[in-house]
Amino acid sequence: MYDCLTIMKLLYPYLDGELDVKESLRVQVHLEECPYCLEVFKYEREFLKTLKSSIPVVKAPDDLRGRVSAALAREGASTRRARFWPILKSAEALRRVVAGVGAVFLTGVLAYGLLNRSPGEQIELAVKNHQLPYEATVAEPRVLVQRLGQDLDFPLEIPLEETREMKLRGGRVIHGGQGASAFMNWESDTGGKVSLLVTTPARLGGIGGKKIPFENLEFHLMRYMGYYALAWRDKKLGYVLVSDRKEEIAAACLVCHSGEDARAISEFRRHI
Amino acid sequence: MREKAIREKFEALTLQHLDALYQFALLLTRERHHAEDLVHETYLRAYRFYNRFECGTNYKAWLFTILRNIFINEFHHRAREVSLSDMDIDIEEVNEERYESPPTSMRLLSAGSMAEKGIFRADIEKALNDLPERLRAVVMLKDVGGFDYKEIADILGCPVGTVMSRLWRSRNFLKKSLKDYRQMGQRPKVRMRQVHP
Numbered sequence: 002m003y004d005c006l007t008i009m010k011l012l013y014p015y016l017d018g019e020l021d022v023k024e025s026l027r028v029q030v031h032l033e034e035c036p037y038c039l040e041v042f043k044y045e046r047e048f049l050k051t052l053k054s055s056i057p058v059v060k061a062p063d064d065l066r067g068r069v070s071a072a073l074a075r076e077g078a079s080t081r082r083a084r085f086w087p088i089l090k091s092a093e094a095l096r097r098v099v100a101g102v103g104a105v106f107l108t109g110v111l112a113y114g115l116l117n118r119s120p121g122e123q124i125e126l127a128v129k130n131h132q133l134p135y136e137a138t139v140a141e142p143r144v145l146v147q148r149l150g151q152d153l154d155f156p157l158e159i160p161l162e163e164t165r166e167m168k169l170r171g172g173r174v175i176h177g178g179q180g181a182s183a184f185m186n187w188e189s190d191t192g193g194k195v196s197l198l199v200t201t202p203a204r205l206g207g208i209g210g211k212k213i214p215f216e217n218l219e220f221h222l223m224r225y226m227g228y229y230a231l232a233w234r235d236k237k238l239g240y241v242l243v244s245d246r247k248e249e250i251a252a253a254c255l256v257c258h259s260g261e262d263a264r265a266i267s268e269f270r271r272h273i
Numbered sequence: 061m062r063e064k065a066i067r068e069k070f071e072a073l074t075l076q077h078l079d080a081l082y083q084f085a086l087l088l089t090r091e092r093h094h095a096e097d098l099v100h101e102t103y104l105r106a107y108r109f110y111n112r113f114e115c116g117t118n119y120k121a122w123l124f125t126i127l128r129n130i131f132i133n134e135f136h137h138r139a140r141e142v143s144l145s146d147m148d149i150d151i152e153e154v155n156e157e158r159y160e161s162p163p164t165s166m167r168l169l170s171a172g173s174m175a176e177k178g179i180f181r182a183d184i185e186k187a188l189n190d191l192p193e194r195l196r197a198v199v200m201l202k203d204v205g206g207f208d209y210k211e212i213a214d215i216l217g218c219p220v221g222t223v224m225s226r227l228w229r230s231r232n233f234l235k236k237s238l239k240d241y242r243q244m245g246q247r248p249k250v251r252m253r254q255v256h257p
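First to last, the protein sequences are chains A and B. Each number in this note's numbering corresponds to the 1-based position in the first sequence with 1 added. Each number in this note's numbering corresponds to the 1-based position in the second sequence with 60 added.
Excised from the complex, chain A in its bound form:
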């Protein structure tokens, strides 16, 4: 039998309909036998009922619904165009996300994009997505890789690990002109932002930038739109690592290469 103290703790879950049948019955039995708890129960039931009907309900501004609808229509349209105009889609995404100053920034970006030679579609995609806010979806590396893998047409075989220095914020699948890529971002322990784009070696395409041979791989380091991008490929995958700060590029390698490779990473850092 439940004592009054337990009933008190269960009263709100009971009134909120959260108890299962067995527990509900136990509460009811007690209430039948205990006039004190029954009084409390009646008061509380009345209280919750009145509370619910008295809380002011705020309505959204009249035009908000229309604005949201219009924005969704634009979003749909730009997704269609994106198959042919990846730059336009990224620009569209930027405009929505970065208010105010972003409008000026956007014009600069478009002008920059038109006037400057693109470093490669995947590099561009990686840098542009790097600028979007963090996706706080999944913070567990293995779960994220598994989820993203389901939406990709190539195997996402990367040994993503939990590291002290880098906090996984989330990821998504992004679509460029050539196909899908996995995109993930992290926050470093110094508050910097790091993103990793993973695609097929073929989709990575030709890469420019400063060549850095290291451990049988050829890394390419470049600056694009003020960010640092490191691109390379191995037999199975192509990668683009983006960072706000040059110092963090080498540390960012930790997301796949654990602390055992610390010496290799400091060695690598000296090359950059």
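Since the hints were derived computationally from the structure, they do not count as laboratory data. All of these numbers come straight from a predicted model, not from anything done at the bench. Heads up, none of these hints are tricks.
The calculated label-pair distances, taken between Cβ atoms and stated as ranges, are: (1) A:G209 / B:Y119: 40 to 48 Å; (2) B:R158 / A:S267: 53 to 61 Å; (3) B:T117 / A:A71: 22 to 30 Å; (4) B:F109 / A:P156: 20 to 28 Å; (5) B:D190 / A:E268: 52 to 60 Å; (6) B:R92 / A:K236: 52 to 60 Å; (7) B:Q76 / A:G180: 30 to 38 Å; (8) A:R224 / B:N189: 48 to 56 Å; (9) B:P192 / A:R68: 28 to 36 Å; (10) B:P219 / A:R68: 30 to 38 Å.
Ideal placement from N, C-alpha and C gives every residue a C-beta, glycine not left out.
Fit chain B to the supplied structure of chain A, relying on the hints for placement.
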């Protein structure tokens, strides 16, 4: 056009929750324009994910979760400062707060005049505003949003036990506030037997 059909289906499923989302956004941001932006961004983000990730059938909770995620990422860059889910309070701690009985004025409310009801509504509004944000969020999600404990836990990113203890504390707080405002001299007709040791 297929895109239009998808969008219309999405809107049919989600736009009905716009007012509720706006109210929650207002609670979080305390500013109308930010709340509008937050809702706007939530729908865009939801639409983008609509086809890509499975969201089940609980669109309302899904939308609220997206809204909260965006809020934490965009409006609170240092998520450590404001957290809707920190302070993992064990349900046992609930005992340390004194149980507050409901105000007696409420029992008269169902028979009360429109004026009385109006005063009461104003009191509730004031009491809600006096609630700390973390506690107000659970009351809004439960008593306005109609979410169950598990859904609230998912939206706020905290354990169900935390939701329960916060609901208990917030309702307790509301009862006390309402009594303080009205300063009713009446004592409850039935004395609560001492249940705490």
